[in-house]
Amino acid sequence: MQDNEKRFPQIKPLMNTSEAYYESSRCLFCYDAPCTLACPTSIDIPLFIRQINNGNLIGAGKTIYQSNYLGNTCAKVCPTEMLCEGACVFTKVNIKALAIGRLQNFATNSAILSKQKFFDPQNNTGKSVAIIGAGPAGISCACELRAAGYHVDIYEAKSNPSGLALHGVAPYKITNREALMEVDFLKEQFGFNIIYNTRIASKIDVEKLESNYDAIFLGIGLGNSAEIKIKGENKTDCVGATEFIEQIKMSSLDKPMAKKVIVLGGGNTAMDAASESARLGAENVIVAYRRSEKEMKAYDFEYDLAKVTGVVGVFNIAPVEILGEKVVEGVKFIRTESQHGKLVNIPGSEFVLDCGLVIKATGQLKQTSMIANISGISLDETGRILVNETSCQTSNPKYFAGGDAVNGGAEVVNAVAEGKNGGKGIHAFLSR
Amino acid sequence: MANLKINFAGIQAPNPFWLASGPPTNSGYQIMKAFDQGWGGAVWKTLGVPVVNVSSRYGAINHRGNRVVGFNNIELITDRRLCDNLREMEEVKKHFPNHAVIASLMVQTKKEWQQIVHDVQNAGADGIELNFGCPHGMCERGMGSAVGQEPEVLETITRWVMEVATIPVIVKLTPNISDITEPAQAARRAGANAISLINTIQSLIGVDIDRFVTYPVVENSSSNGGYCGPAVKPIALNMVKNCAQHPLVQLPISGIGGIENWRDAVEFLLLGASSLQVCTAVMHYGFGIIRDMTSGLEQYMDSHGFETIDQFIGKALPNVKHWEDLNLKYRVIASIDEEKCIGCQLCYIACEDGAHQAIDLNDDKSMRVPKINEENCVGCNLCSLICPVENCITMVRKDDGNEHLTWRQRTEANDVPTTFDDALAGGNSHTVPAPLEALKK
Ligand SMILES: Cc1cc2nc3c(=O)[nH]c(=O)nc-3n(C[C@H](O)[C@H](O)[C@H](O)COP(=O)(O)OP(=O)(O)OC[C@H]3O[C@@H](n4cnc5c(N)ncnc54)[C@H](O)[C@@H]3O)c2cc1C
Ligand SMILES: Cc1cc2nc3c(=O)[nH]c(=O)nc-3n(C[C@H](O)[C@H](O)[C@H](O)COP(=O)(O)O)c2cc1C
Ligand code: SF4
Ligand code: SF4
Ligand code: SF4
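Chains A and B, in that order, are what the protein sequence lines are. Numbered continuously in our numbering, the first sequence closes out at residue 429. Numbered continuously in our numbering, the second sequence closes out at residue 463.
Just chain B, with the same shape it has in the complex (with noise of 0.2 Å):
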């Protein structure tokens, strides 16, 4: 049987499902609430001078029947007064011993910052999370992402942190900076204990068009917000995996981004991540999905003979290389299901206006299965992604698996194009109608 239970960076939780630093964890009632359903671990919102929010401060974009894609928000850091958080932190870790309960935290002088790590401490907390990622509304005011952006501050902040700290100490990231290794290389100089990321990126989820003003809309007016959600996942897991990467960072990372399900939660854990934290889907569904994670989790490490979590924690991680070292020689090529193909032509159209030109139709219209032009096919995937019938059109392997050549080795035998109109092109080797052929039809 699959064992959950996690030990990161000295933090102790029965499993890696944690509450991100957010609404959700406002609050000691909603954290109790979450731990006695099943959740491992909290990060509190971020605790610090107490702010005064907007309203309305969140936005959201669905994307055809399904709600909230993406979100985003303009809240700040917590409203509430410290003692009453701290009460309740106390209160919470009375009743929960084995729950990992994180104080994040957000101020601005080291007189503050030493003073609210003790505060914390104080109360029971298992560890700290230093929130260097917001980048709205705190970011004006010298903190959240203007911290994060500045890898020397950042640093400087967290060895403020580290001269007090006695428990475990995570540096939360920002994604809005170009390299995200440069904080993260910040936070171990600094001798911090772990990175969390991505925070949520800076963003206008959407324009009110006949109001002229952008989402969420305070009166007659907007600000840029923090993006998450679903749709930012992709983005998460390219940066976990950098600093997974990374020989300078060498840091335990809580994976954060768009996780709603365990397959997402899977995919973090196999690029380097070894906790996780949520917070839109349980704003969009509610701590109950916690059950649906957690099962899913262990079914998915039962069927591969995994134990614990550390036993495939980055096992994807040597497989994400340079495009350099990709073999040029493997080719793929769609190949479509007669029997499932329900003729919707969508693959016919996408390939015909969105790729290479590889798919045809049949002379005779009442034949809906469009035919793969197999000499065409550049084996792109567009067509597979496309289609709506499951299994329908699969990618086939066609050279033998016997020859290997990456641009890296071409380069260095000088078998790569060099000049514009080079032989060597790559669309050399499949047909491009000629432009007055698209009036023809």
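Isolated chain A (complex conformation) (with noise of 0.2 Å):
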């Protein structure tokens, strides 16, 4: 782990308390400010910045965790281009947003290293709550529940918390130590408990919680990356992208980097692949999309963290087979137009590009079999879990659900600003 964080330099570094000063003296305190309403967690940013200008630090942790428990990780890893400084008032005028990212890690960093209490939550409810999975969603649903006063157990598959914050998000955004440093910020103010190494799969594991519990919260996340379902997928090095990002985040890559990589996908996942694989040493990084550039549903500002590092583009182009013996040696593909807004397959255009590692980023699937051994469960046509939008109660009202696993994958922030609408969901719900 010290190794990665000597690997990927920080792309938001911490502030220094100068820059903090200056950074925090341009806010203008909008009224009903702009950068608030585009954050999920509703945080109230002009108030933390001010208390930041005003030398009111602590102050500024607090306003900051009690609208998001995972404050710190969100500032090091939210898109805030697409969020708080994307809707800051200086974009319209051409000057550069706040570094909200920034001043809130400022703020929020200090108030780990300095182990402040901004909770102290009663066990008064003599009630108890199981949550499945110590991701974002969950860590923040215990949160909130422990600040109710309700008796918290999280149950998580992995021996570390803190989901794909720590096994996905891109290692040059945060680093291991500062996304587990919050978890045990949380843990020691909030008491909840996490069972590590605990995957619930069976019926029977199902059937232990909903005895030994009040209410139950799914914070499972997404699955494993998903098949392409072309010829030669299971050759060796031919990787999901999210098993291959976690062998790099938890140092258990076991052969150096190939020279040539081809990424098939246009989203984020795409990007952080091919950026990663760039970054640790390969020379030549295809991003391979079978549709246009400005059909990507990557964010232009991770297209272009990816290109800074010499990842190169191809659009159009649909990958037919991996080639090599047993080992990954090159991929077919086919160019492909859009004809009446349909994507068709160009006969006659297939061409091959070598490779030593083909990285699969087309999205993960979901965890239909593990929702399967619950009961009364809706999922939506394409696996989500359905639940009400403010309580996050599913159609089985014993479970709530929140973040990857009911939006379908979107970023950490939706999933803390979930998961504390379901403890809400769910203190409503036992307190009836």
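These aren't lab readings, by the way, just hints derived from the structure by calculation. We treat Cβ as the ideally placed atom computed from N, Cα and C, and that holds for glycine.
Here are the computed lysine-lysine pairs in the DSS-like style, where the Cα-Cα straight-line distance is at most 25 Å:
{"#": "1", "chain 1": "A", "residue 1": "K257", "chain 2": "A", "residue 2": "K323"}
{"#": "2", "chain 1": "A", "residue 1": "K256", "chain 2": "A", "residue 2": "K3"}
{"#": "3", "chain 1": "A", "residue 1": "K421", "chain 2": "A", "residue 2": "K124"}
{"#": "4", "chain 1": "B", "residue 1": "K343", "chain 2": "B", "residue 2": "K255"}
{"#": "5", "chain 1": "B", "residue 1": "K393", "chain 2": "A", "residue 2": "K89"}
{"#": "6", "chain 1": "A", "residue 1": "K89", "chain 2": "B", "residue 2": "K387"}
{"#": "7", "chain 1": "A", "residue 1": "K184", "chain 2": "A", "residue 2": "K114"}
{"#": "8", "chain 1": "A", "residue 1": "K93", "chain 2": "B", "residue 2": "K387"}
{"#": "9", "chain 1": "A", "residue 1": "K304", "chain 2": "A", "residue 2": "K3"}
{"#": "10", "chain 1": "A", "residue 1": "K89", "chain 2": "B", "residue 2": "K362"}
{"#": "11", "chain 1": "A", "residue 1": "K304", "chain 2": "A", "residue 2": "K257"}
{"#": "12", "chain 1": "B", "residue 1": "K387", "chain 2": "B", "residue 2": "K463"}
{"#": "13", "chain 1": "B", "residue 1": "K420", "chain 2": "B", "residue 2": "K393"}
{"#": "14", "chain 1": "A", "residue 1": "K59", "chain 2": "A", "residue 2": "K112"}
{"#": "15", "chain 1": "B", "residue 1": "K362", "chain 2": "A", "residue 2": "K93"}
Partner residues aside, some chain A positions facing chain B, computed with beta carbon under 10 Å:
{"#": "16", "residue": "Y19"}
{"#": "17", "residue": "S22"}
{"#": "18", "residue": "C24"}
{"#": "19", "residue": "D29"}
{"#": "20", "residue": "A30"}
{"#": "21", "residue": "N50"}
{"#": "22", "residue": "V86"}
{"#": "23", "residue": "T88"}
{"#": "24", "residue": "K89"}
Make one complex out of these two single chains by using the hints.
Shown next as structure tokens:
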């Protein structure tokens, strides 16, 4: 992990005191501020920035944590350009938006390091809640429930908390140390339990929880990387993006980086996998996307981040076959074009690109088989858990859910917001 | 081309920018350097019986990222021997015969005053400034503002000086007094050639809230100081204007207080100053700011067709009137340029909470441009001052300019509110929401 901190310098490093002072000086203290409106957890941004500027760093930290239990993680990993900073009024006059993420990090990092206690939860309800999954949604829900006086146990399949915020988010956005440090900080003041290495998988597991707890929150996120369903997909060195990134993040990559890498997909995960490969020494990294550059789901700034490391995007090409004996040697593509809004292959346009590693980044599967063990939970046609938007209650009244498992894969901050709402929903449900 | 030369009460200088008496004029070394960079004159750090200073000595107010918006000091007059200062003064005059070197003086007895006047005249000073302003330390010893606050004492001492002075004498006034024109008139009566103002304002710059002591801290204690810097300019402007308009003062004025750029300088000149003195801005940025000051002043004069500074000294004075002579029929209201608006809604909350509830928000929250309620806008300016976008809110004239009616005229016509519940109350013309509306939002 130490190694990763050196290999991947942070793109949003911690501000120093002068930087924080001058940057916070710029905030206009807008009324009904657009930055706050753009934040899924509605952090009172002008307030915490003013608190930083006026020398009340602890108060700033409190303001943030009152709205967002993973304030520091979000500060570092949020796509702020698309959220708060993208909404900052300064952008309307071509002035650089306030560096809200970095200011937030300045305040929350200080709160964590100085071990501030902002909450003093009690066990006064006599009721207990089980949470499945210690990702951002689960942790956020746990904090909210502990603040309301519930006993909370989180069951986590892995040996570390924080879900994809630890195992998935690009290492140059947040270090593992930072991700884990915040969960420790929260555990310390909220006193929820995390039971690691415990996957809730079978019907029996589920029934046990149901008899021991008054309500259950599902923060299980998504599953493995999706398959593309083409020939040669199971060759060695044809890997799923989330699995590959997890190996990088947990420093368990067992072989040197291939020189030539092809990433299949056009979303943010594809960009992350490509960037990280390039930063780890791949000399030739191609992101191959079936549709046009304009149709790519990746945010512009994520594509930019990949491009500066030398990643090249190739558009309107679809993979047909992964080539090679046992080990990947290349990918056969066919060119595509859009005809009357429909994507079609151009006959006879096949060609081959060599490579030593193929990374599939065409999305993550839903956890449908796990959910099938719980009775009465309705899913939508894509496999997302259906919930009531305000209470996060599922069609089985004892179950609540939030995060990627519900929204199909969004950002950490959405999972945090939904986890908190879920906690509120459970509290309302159990205090009827 | 603009000519920046001035003749201030008989003192010649290549431009009106002088260093005010203070740390930048502690030594001949600094003054030579300043002249070399373009300053037109310098008022030497006040001479007298040398003092012993404390450390620390300064405090400052910062405002949202801007350092030293206001500045304060508890320093006394020169701590260097008179003989050293005089030798250096002679040397400066030798190298810069056309620049203004003014000796600032502060002593106690008549004998001391007359002696030191002789000494600085012999050293080649072009003028003398009597420091009757220092509001800390020296006043405890019966000097500085202790003199400036007593017009009669000021007059007596000035007369002692005038008896022996062969060069122009400027009396420097303290603002720590309710009517600045009283000491100004006393200076005039005593025969002084000019006045300069303002010296620093008695102040406590702030409190160390952990150590329970005001700044600047000397061990565990502190003392009141003198306030200056950009924040005091409005006070200085008003006092300069008061002296310039007063029929019994009629003396050239050297303007001082918060000047840090050519714009500040022009404002002082327009209100009647005919030379300018700068201290804090030099302590902040060094002598180099002079290039911006002179080039800005030249540019201003060229664009207005002024060839010499005399042509616009006091040009704003006739327009500074009594309130009762202002036109009550003149009416402006705020107008928002929707193209420029960035939707911060600061104007809304300022008018809503701090003024007249004359700005409305759109019911559709995604439309962030506020709307002026023209009925309720009283034309106070607040929103236009607060709006962060240049020229986004402007004040637009609504009356046709044909009517002119002042408070004085209305009073003469018995057309003014005179009882508590008078129907003529000005506020009757706009709607004030009922108190309980506040809790319904
Ligand atoms: C490669 C990648 C990069 C990303 N980059 C960013 C980014 O830069 N910024 C950003 O804001 N978001 C990013 N995201 C998205 C973000 O990580 C997720 O939206 C967020 O982590 C979702 O939180 P969650 O709690 O819903 O699910 P997860 O983070 O997936 O957490 C679910 C947890 O539940 C556990 N679990 C699952 N099933 C079970 C079970 N049956 N029993 C016990 N435990 C179980 C898992 O082990 C996991 O710890 C990225 C995602 C990926 C894949
Ligand atoms: C527009 C305006 C109107 C004021 N009216 C009054 C008043 O009616 N009565 C009063 O005692 N002070 C009045 N003041 C002075 C303030 O109460 C206060 O003493 C002064 O503004 C200094 O404080 P500040 O630096 O916080 O503004 C007024 C100030 C402003 C700006
Ligand atoms: S929009 Fe920008 S300037 Fe306005 S409050 Fe938010 S951060 Fe501050
Ligand atoms: S203060 Fe100016 S920019 Fe802000 S909402 Fe009002 S008009 Fe628009
Ligand atoms: S000028 Fe004054 S009253 Fe009119 S809208 Fe602006 S703040 Fe309100």
